[in-house]
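If you read the protein sequences in the order shown, they are chains A and B.
FYI, my numbering numbers position 61 of the first sequence as 61, with every residue one higher than the one before it.
FYI, my numbering numbers position 398 of the second sequence as 398, with every residue one higher than the one before it.
Everything labelled a hint here was simulated from the structure, so no lab data went into it.
The reader is advised that the hints may include incorrect statements.
[Claimed, not checked] DSSO-like mimics (lysine-lysine), calculated; alpha carbons at most 27 Å apart, straight line:
#1 B:Lys413 <-> B:Lys377
#2 B:Lys413 <-> B:Lys435
#3 A:Lys24 <-> B:Lys77
#4 B:Lys430 <-> B:Lys413
#5 A:Lys60 <-> B:Lys126
#6 A:Lys60 <-> B:Lys35
#7 B:Lys101 <-> B:Lys126
#8 B:Lys101 <-> B:Lys197
Predicted, not measured: the structure shown is a model, and the values here were computed from it.
Chain by chain, the residues run as shown.
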Amino acid sequence: MSRDAILAGIRRGLRRGELPEDQKAMLRTRMARPPRHLMPARSRLAHAGQVALFVANLEKEFATVTRLTALSEVPEAVAEFLAAQNLPPQLAIAPHPELTGLAWEERPMLRIEARPGQAQDFASLQHGFAGIAETGTLMLPSHPTRPTTLNLLPDTAMVLLRTSRVVGAYEEAWDLLRAENSDSRTGGFMPRNVMLVTGPSRSADIEQTLELGAHGPRRLHVFLLDDTQ
Amino acid sequence: MQIHSPQFKQRAAEALVDPGLQKALGRAKQGFQVKRAAAVAGLPEFEALRDVGRDIKNHSLANLDFYLEEFAARVEKAGGHVHWCSTADEARAAVLAICQKAGAKTVTKGKSMISEELGVNEHLEKHGITPVETDLGEYILQIRDEGPSHIIAPAFHLNREDWEETFRRVHTDLPADRVFSERRDIMTEARARLRQKFLTADVGITGANFLIAETGSSVIVTNEGNGDLTQTLPKVHIALASIEKMVPTLEDATSLLRLLARSATGQDFSVYTTFSTGARRAAELDGPQEYHVVLLDGGRSNMLGTEYQEMLRCIRCAACMNHCPVYGAVGGHSYGWVYPGPMGSVLTPTLVGVDKAGHLPNASTFCGRCESVCPVKIPLPKMMRHWREREFERHLSPATTRSAMGLWAWLAKRPEVYRAATGLAVRALKLLGRKTGSFAALPLAGGWTAGRDLPAPQAGGTFMAQYAKSKRQ
């Protein structure tokens, strides 16, 4: 069987047999409590500094940001953003209670559907799990309330994120996921899919010149809700 | 993929006089080197992270059997399947069997060098399944029936006019007189084409930049989002990965990801870095219903314990080829197989045999730039030197090379004669080349000077003469 052949080949190359139990136990401990390596100093800031760095890096990567001070401002901010982009007032939103619970009816012109993304969608609103200041990266784990396709299919992807969810480095975002997420299948923390998204889709395949709007969203907009003031 | 590496010399000679290719290769500096340098300058810890990256990969390789088993167990727990494949044949068969079981007619594909190695497309086509490359660069190469010339920018050898001409030729339902006023227009046309393919494909095949033992995840990195659409929309996702992609934890992968994009495209982070773990969960509204990892050895385990083991650290960033003067002169297709540039010159002989790929490790000036930019500090020149030794030992190098080496060895063992001979040669060359400062042609060295000029020696004589002079001062 190929599994055994491959493992035997590896052990032959490493000039040893299967690892002894005590070494396996050591490696299992390393996996259960993963050591952190060098974390760049750029994100080792007080939280307000991390939020500022997160926003600066988002903008560097061609994403745009609207700062909000209350959750109730979201429907109006979404409507205004779509209007400013000349987009129709319709969007798919993540079926997350925090988004479905908003008073969308106060903006009767907006057509809202809570569902996964579809190919013809102009815009979507995803519920952000965490923001990583180091590179302006959004962590978007899959969940029944956070469909992955909302990050991919719409032309304009919007994400709601609270400033309390902004961390400095990737490692801190993994720790949030470890602490808070429970996977229905494995009982572990890792969901089926975790996307780390840094700006809108792009390609440099034509003459090594960066162009925005490849296969994913052409625009990425973050509504950053200040809940840490 | 068919191996053309034995024809390296012929292909390189053709590449040197191909004006379109030379124009494209001229973009390496601005397109890659300058961007990488800026990204590295923006992260003061970059040099220290190279040591971290090297150590993580060394640790992973030293315990590879253990981590692969842990990985496989976690994939199964998350509802996925791992297909262990010793050879390319087994891996092709595994991919085909999954596709056939799914009743697949079309298969979308993210960019994967393992797929090129296996020749997945040809194999699927032979069995009536249509593969569709979705990475922008791979898309046009599939149309043009060409292989990639670069591991992260597969269509690096093409110019804008090639794109326009190809799209006009094959997208015949669009107005023939349409204008591509910007590069973006070309991209937009491809985007519209591929949308439908993403939605109707039965299986999506991606590669994997990393496999993570802690979680049983495969990781892909793209800027376009094509890899994510490929693995999210069809009902079956196949991740193709070779065994050395294994790392223990998310933290380990994270540290390597800090190196990858900066070394590759000069970005701080790629747009989409995605971790896939198993099949769609019970209440989920999207995602594939099946998740398969086709795990390929394909000659890697043979490299463990040899002088080529360190090559298994490679994270496929392409920094070595982006900074290589030889790659920059002859382009990727000259190398004749999947992996070009310095990493290819080391890897190709190990995977297909030095008898077929012996020219590649000889295509180096040993300038050392590849090693100096490698994010995991692979000693590429040293390993190319090992290959040259192997080739020499096995009498695979040509007779002229061997007799010239013999002559040189005879001279080198007699320092007085050697100094006299080189002193004479330097003076003669200096005299002859004093007008132009270089030689476009030299007797007995026509093969060498056909592709480059030899600089004429400058004032000061041989190295030994200059050394003696500096000691006296």
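Evaluated hints:
1. Annotation: proposed proximity of Lys413 (chain B) to Lys377 (chain B) is violated, straight-line Cα distance about 34 Å (limit 27 Å).
2. Of the supplied pair hints, the one linking Lys413 (chain B) and Lys435 (chain B) is violated, its CA atoms being roughly 34 Å apart against a limit of 27 Å.
3. Of the supplied pair hints, the one linking Lys24 (chain A) and Lys77 (chain B) holds, its CA atoms being roughly 20 Å apart against a limit of 27 Å.
4. Restraint check for Lys430 (chain B) and Lys413 (chain B): the C-alpha separation of about 25 Å stays at or below 27 Å, so the hint holds.
5. With a C-alpha separation of about 46 Å, the suggested pairing of Lys60 (chain A) with Lys126 (chain B) is violated against the 27 Å cut-off.
6. With a CA separation close to 15 Å, the supplied pair Lys60 (chain A) and Lys35 (chain B) stays within the 27 Å bound.
7. For the proposed pair Lys101 (chain B) and Lys126 (chain B), the alpha carbon gap of about 16 Å is at most 27 Å, so the pair holds.
8. Taking the CA atoms of Lys101 (chain B) and Lys197 (chain B), the gap is about 20 Å. The hint holds against a cut of 27 Å.
Hint violations for this structure: numbers 1, 2 and 5, all remaining hints satisfied.
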